[in-house]
Amino acid sequence: MIGDFAPADLAIQGGQMTLVLGLSPLLTGLVRKVKARLQRRRGPPLLQPYRDLRRLLSKDAVLAENASWLFRAAPYLIFAVTWVAAALVPTFATGLLFSWSGDLIAITALLGSARFIQALAAMDIGTSFGGLGASREVMIASLAEPAMLMIAFTVALIVGSTQLSTIAAMLSTGDSGLRVSLALALVALVIVSVAENARIPVDNPATHLELTMVHEAMVLEYSARHLAMIEWAAYLKLLLYISLIGCMFFPFGIVDGPASPERYLGAVGLYIAKLASAGVLLAVFETSIAKMRVFRVPNFLGAALMLGLLGVLLLFVSQGM
Amino acid sequence: MILVVLSAILGLLGLALTGAVFAHNAAGRIAVYGGSLLVCTALLAAGIAALGAEPSRLVLPVGLPWIGAHVRLDSLSGCFLAVIGLGGAGASLYGIGQGRHEHDPQRVLPFYPAFLAGMAMVVIADDAFSFLFAWELMSFASWALVMAHHRAKGTAWAGFVYIVMATFSGLALLLCFGLLAGPAGGYSFDAMRAAPPAAGTEALVFALALLGAGAKAGLVPVHVWLPLAHPAAPSHVSALMSGVMTKVALYGFLRIVFELCGPPVWWFGLVVLVLGGITAVLGVLHALMEKDLKRLLAYSTVENIGIVFLGFGLALAFRANGFAVGAALALTAALFHAVNHAAFKSLLFLGAGAVLTATGERDMDRLGGLIHRMPRTAFLMLVGCIAISALPPLNGFVSEWLTFQAILLRAELPQWGLKLAIPAVGALLALAAALAAACFVRAFGIAFLGRPRSRQAADASEVDGWSFAAMAGFATLCLLGGVLPGVVIDALAPVSQALVGAHMPAQLSVPWLTTVPVEASRSSYNGLLLFGFIALSSLIAVTATHRFASRALRRGPAWDCGFPDASPATQYTATSFSQPLRRVFGTLVLRARETVEMPPPGSVAPARIHRSISDPIWDFLYAPVGRAVAFTAGLLNYLQFLTIRRYLGFVFAALVLLLASLAIWQ
Chain A
1 MIGDFAPADL AIQGGQMTLV LGLSPLLTGL VRKVKARLQR RRGPPLLQPY RDLRRLLSKD
61 AVLAENASWL FRAAPYLIFA VTWVAAALVP TFATGLLFSW SGDLIAITAL LGSARFIQAL
121 AAMDIGTSFG GLGASREVMI ASLAEPAMLM IAFTVALIVG STQLSTIAAM LSTGDSGLRV
181 SLALALVALV IVSVAENARI PVDNPATHLE LTMVHEAMVL EYSARHLAMI EWAAYLKLLL
241 YISLIGCMFF PFGIVDGPAS PERYLGAVGL YIAKLASAGV LLAVFETSIA KMRVFRVPNF
301 LGAALMLGLL GVLLLFVSQG M
Chain B
1001 MILVVLSAIL GLLGLALTGA VFAHNAAGRI AVYGGSLLVC TALLAAGIAA LGAEPSRLVL
1061 PVGLPWIGAH VRLDSLSGCF LAVIGLGGAG ASLYGIGQGR HEHDPQRVLP FYPAFLAGMA
1121 MVVIADDAFS FLFAWELMSF ASWALVMAHH RAKGTAWAGF VYIVMATFSG LALLLCFGLL
1181 AGPAGGYSFD AMRAAPPAAG TEALVFALAL LGAGAKAGLV PVHVWLPLAH PAAPSHVSAL
1241 MSGVMTKVAL YGFLRIVFEL CGPPVWWFGL VVLVLGGITA VLGVLHALME KDLKRLLAYS
1301 TVENIGIVFL GFGLALAFRA NGFAVGAALA LTAALFHAVN HAAFKSLLFL GAGAVLTATG
1361 ERDMDRLGGL IHRMPRTAFL MLVGCIAISA LPPLNGFVSE WLTFQAILLR AELPQWGLKL
1421 AIPAVGALLA LAAALAAACF VRAFGIAFLG RPRSRQAADA SEVDGWSFAA MAGFATLCLL
1481 GGVLPGVVID ALAPVSQALV GAHMPAQLSV PWLTTVPVEA SRSSYNGLLL FGFIALSSLI
1541 AVTATHRFAS RALRRGPAWD CGFPDASPAT QYTATSFSQP LRRVFGTLVL RARETVEMPP
1601 PGSVAPARIH RSISDPIWDF LYAPVGRAVA FTAGLLNYLQ FLTIRRYLGF VFAALVLLLA
1661 SLAIWQ
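Chains A and B, in that order, give the protein sequences.
All the letters of the first sequence, read from the start, carry residue numbers 1 to 321 under our numbering.
All the letters of the second sequence, read from the start, carry residue numbers 1001 to 1666 under our numbering.
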């Protein structure tokens, strides 16, 4: 498996990297559109995120006077790290060329690296909003990350592997049966995804009230191409989490091993359908719930952590019985 | 090989004399640090050469007459000797540069080489007497170094707590070796290996070793001296104490519990596992609350020691159940983390020392904006912070990833205690890793980013070339350990073979230098490729935006929602940054309290906020002991002012008592 190399694999890996990059703004556009419709607004067109990116990319960047090199380098690093992490998650096919270079724990940690850089960049200018955003972000992350690892533990203990390709392949065969732990992990993962992507009820991606911001407060000082990179990374992250839920809990239709081009096309279509339904569900969820106070968030995420831990404990205890 | 090490130790002792004689001139300083650098390089080379080689041994005609001094260099000693050489070389290189800012060189130079010599002697000692002698030399020399700035606030207290705890540690190990030697008095390690303790004493030996070595390493609950003493020493000594001396303590634990103590009982693993997990979380929580940069690093050492002990605990549990593959993975992960910690903690302490020299400040709330004044140091510190936060692609991540893999092996362990403890400890480790990232975002962000919070920070200047070279060396190791972990894992194979009878599969032969702990379908990680991918994708992003989009750049005042702050005092500080985490985690564990004092209406007095945190271990364990000692001393104080008649009376009574007991015995 490791070190196998075929030109077709390279094409599929490249195809996946381009696919996630290209699709991610559309997914965010869809969520915004559905939310707007649910609020009886017409909402921006589906393709608005692409236009936003183009507009941002064509503008002159304005940097604060005391911005350091870290502030300028951070957007590209955040984008690159998130993109690499997104490319490691199986979307329409497992066993991609380089899927063995990082497992679920490594993907979690890569997102942690992106967040680390993002929080530092927020503190670089020395404004109170930057510090506020970074401080709250690390508070949320300090609970979301362990919860994510507990989810990884649960799945890894059932499948006997932390490799996402193996997990998707194993779970799609349905051999593992219906497990209580998996259900707990799914709920936990949904909570973590909501928190990690700065969605309601943890954070509001469309907020204009500074004191309620977390993610938006961190990127307040960014403009033009730097902001475009960060926005795109955020789109990618949303897509990554949905792909993750898809490949671990709804792995049907994922191509496992070499197949005909038609099957690949079918799998891509199914993947896009999964993304779309997840996007609609997210919009409905966000519309039907109110944002929490910052200090309620730990309870929300603590629930995810406890669910994950419960799932793992169940598995450890039930072994050999 | 052992002769090289012995002559290196002799060289270090000679340097200690040189330091005592020529402390006050620059040539003496350069001779001591330069000499230490050379000797440490030799120790590093000897340690690496000893990995996997046949043990070389020697009996020296010194020490106790009927024992002599046994020395032995095997794989385990070699591994830790390499860590000593590595940390010592970096600290010495830094000392050449930063040593010139030392006010009292005569308090540092004689003890510095002696400290290194003591640590090197511990790892090659092969009998209890030499081990304890070296152990105490290490303790005493480091205590003298802690007391180097004895007039600074808090140093005297730090030195006192340290010497008490060091004595405790020595005493525990003394009793431990006494039990191991048995009534026949077989004090050489060979005799102990030949006759492992009986089933009853085994537990006592384990407990004493855990307390003795744990007290030196900083294991909760015997960690209290560490955050006091490590920061009080000069910075390159802090680096040595945190980066290297704690590793020597780990060596002591491994030597006694894995080798001399015979086959482990399963609950050894449980105890170490749970203590390790608690240490990791408690250490990082304290680090998060700390605003003194060096104390923060010291608390983070406690955390990392916890992670290493957690790995040891897993290895013990697996070994007790005859699961050698798992024990090898857990032990290798723990040793790898120990080596990694030596690299990044040395780097961070040296960086903190550079900041201290440049600004005279350790309080993060008076720093800020140093990335502009000290760009090179800031970059290296950033590398260290990413590495210690266990983030890919640097080295800290690989060792924690391996520890996670060991937890996920899902061994069929029959004991319920272990079944419940392993996943719970996994959660603690995950929590500690996430909190460590938060802690180092805060440390780097407050000290190096933003706007300067004091004049000193605004006027800071960059470090000299020597110190920079030392830090750059450690930073390079952090990167290399992250992208080429196979080299370290393969080098540790003989150590794990010797201690648990198995080793991880060879890593360097896997295609693309991938790390595969057990088998490829189970889990694999490739730091090199990830690093390459990240570099490539950022390059694509930079090139594409600059080629196809706008590349214009303007500088302007900060936006800050239209209300830019005039004063740097409006920035978040270290204390305010950790406020959410203090509320979430601190209220329960550290009993953090915040009270707001509002002036009555109409008063012009300012409102005040008071916050308090306390260490539960100190309050519930040490404070009562301290009170008991004070109370007993108060009672015994009565004996100090008696008349000569009464003293003679006591002597007489004691004599009668002794004679009477003798008579009864016979």
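In short, the hints are calculated from the structure, not lab data.
Since the structure is predicted, the reported quantities are computational estimates derived from the model, not experimental observations.
Mixed in with the good hints there might be a few duds.
Rough simulated footprint, nothing fancy, chain A against chain B, three-plus residues with beta-carbon under 8 Å [what the hints assert, rightly or not]: (1) 1308 to 1318; (2) 1385 to 1395; (3) 1459 to 1471; (4) 1528 to 1534.
Covered stretches of chain A (in silico footprint by chain B; criterion: 3 or more residues with CB under 8 Å from a CB of chain B, positions within the stretch not fixed) [as the list claims (entries may be wrong)]: (5) 34 to 41; (6) 106 to 112; (7) 193 to 199; (8) 224 to 236; (9) 247 to 254; (10) 293 to 300.
Heads up, incomplete: computed chain B residues facing chain A, CB under 10 Å, no partners named [said to hold, decoys possible]: (11) A1324; (12) K1419; (13) Y1525.
Each residue gets a CB set at the ideal place from its N, CA and C atoms; glycine is no exception.
Here's how the hints hold up against the structure:
no. : hint         : in the structure
1   : 1308 to 1318 : violated (count 0)
2   : 1385 to 1395 : holds (count 5)
3   : 1459 to 1471 : violated (count 0)
4   : 1528 to 1534 : holds (count 4)
5   : 34 to 41     : violated (count 0)
6   : 106 to 112   : holds (count 4)
7   : 193 to 199   : violated (count 0)
8   : 224 to 236   : holds (count 4)
9   : 247 to 254   : violated (count 0)
10  : 293 to 300   : holds (count 3)
11  : A1324        : violated, 19 Å
12  : K1419        : holds, 5 Å
13  : Y1525        : holds, 6 Å
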